[in-house]
Amino acid sequence: ILNVEQSPQSLHVQEGDSTNFTCSFPSSNFYALHWYRWETAKSPEALFVMTLNGDEKKKGRISATLNTKEGYSYLYIKGSQPEDSATYLCAFLNYMKTSYDKVIFGPGTSLSVIP
Amino acid sequence: KAGVTQTPRYLIKTRGQQVTLSCSPISGHRSVSWYQQTPGQGLQFLFEYFSETQRNKGNFPGRFSGRQFSNSRSEMNVSTLELGDSALYLCASTRGLAGSYEQYFGPGTRLTVT
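Residue numbers (the numbering used here), protein chains in the order written: chain Z, 1059 to 1173; chain U, 415 to 528.
These are calculated hints, taken from the structure and not from any lab test.
All values derive from a computational prediction rather than experimental measurement.
Any given hint could turn out to be false.
Cross-link-like lysine-lysine pairs, in silico, DSSO-like; alpha carbons within 27 Å at most [claimed, not checked]:
#1 Lys1160/Z to Lys1127/Z
#2 Lys1155/Z to Lys427/U
#3 Lys1100/Z to Lys427/U
#4 Lys1116/Z to Lys427/U
Non-contacting residues of chain Z with respect to chain U, defined by C-beta distances greater than 10 Å in every case (computed) [as the list claims (entries may be wrong)]:
#5 Ser1101
#6 Thr1109
#7 Lys1136
To be clear about the criterion: a stretch of chain U counts as covered by chain Z if any three or more of its residues have a C-beta under 8 Å from a C-beta of chain Z, and this derived list gives those stretches [claimed, not checked]:
#8 453-459
#9 514-528
All residues carry an ideal CB built from backbone N, CA and C; glycine is no exception.
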């Protein structure tokens, strides 16, 4: 059974603080890792698609790193703002044959940024 | 560019009935994936369609099925509804295979089974 974990489960930070959270996934048969932001009453929004070990991606104040050999990815938010409040989900895709098989989501990290 | 649309947005069905949900992807996108979100299980992958073919499927019973049309629009069907099928059903479209590209999600269909 493929398991994807995220920590912490929830996080409360002050506006302006920088924060980071972790996604842990199987270290074998890696195809890709996706990060999503899901705000309340909205649809999930793609942040990053990461495919190579050592990948570092950045979008504004948000960045992510990937270590496929040890099976983890970090998401960083610099200078958190109230609009960053959302649930952040990672999704692991396992390699099978020449492509991927399933998409397995982690349970998410709920971030609340206090003004 | 219009986003992903899903219809209906809300649905109430009775146990034992069947339901069909529809998803229209972003123009030019060829992959449509379906997901189920429940409070207890989180977001779970149902299946992905690419060029009218189901390319993979999550761990759901055969009551859950889908199809994709030549215009990339997709439908998902659930037969013999159970109370546990009450959930938010999301679809997402991608310009290529979902694994390699950003997925764009629709607003979802909230299904309640009574």
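Sort out whether lysine 427/U lies within 27 Å of lysine 1116/Z, counting only the CA atoms. Violated - the C-alpha atoms of lysine 427/U and lysine 1116/Z are around 43 Å apart, more than 27 Å.
For the pair supplied as a hint, lysine 1155/Z and lysine 427/U, is the alpha-carbon distance within the 27 Å limit? Cα-Cα ~39 Å, so violated.
For the pair supplied as a hint, lysine 1160/Z and lysine 1127/Z, confirm whether the alpha-carbon distance does not exceed 27 Å. holds, 20 Å
Confirm or reject the coverage of the region 453-459 of chain U by chain Z under the rule of 3 or more residues with a beta carbon closer than 8 Å to the chain's beta carbons. Check passed, 4 qualifying residues.
Pair hint outcome, lysine 1100/Z versus lysine 427/U [Cα-Cα no greater than 27 Å]: Between lysine 1100/Z and lysine 427/U the Cα gap is close to 24 Å, so the pair holds against 27 Å.
Taking 10 Å as the cut and beta carbons as the points, is lysine 1136/Z off the interface with chain U? Label holds. Min Cβ-Cβ 22 Å, cutoff 10 Å.
Are all beta-carbon distances from threonine 1109/Z to chain U longer than 10 Å? violated, 7 Å
Three residues or more, CB to CB closer than 8 Å: is that satisfied between the region 514-528 of chain U and chain Z? That given contact holds, which follows from 9 residues of the region 514-528 of chain U lying within Cβ reach (below 8 Å) of chain Z.
Take a quick look at serine 1101/Z and tell me if its Cβ sits farther than 10 Å from every Cβ on chain U, holds or violated. At about 4 Å from chain U, serine 1101/Z fails to clear the 10 Å cut-off, so the statement is violated.
Consistency with the previously given hints fails for numbers 2, 4, 5, 6, ordered from lowest to highest.
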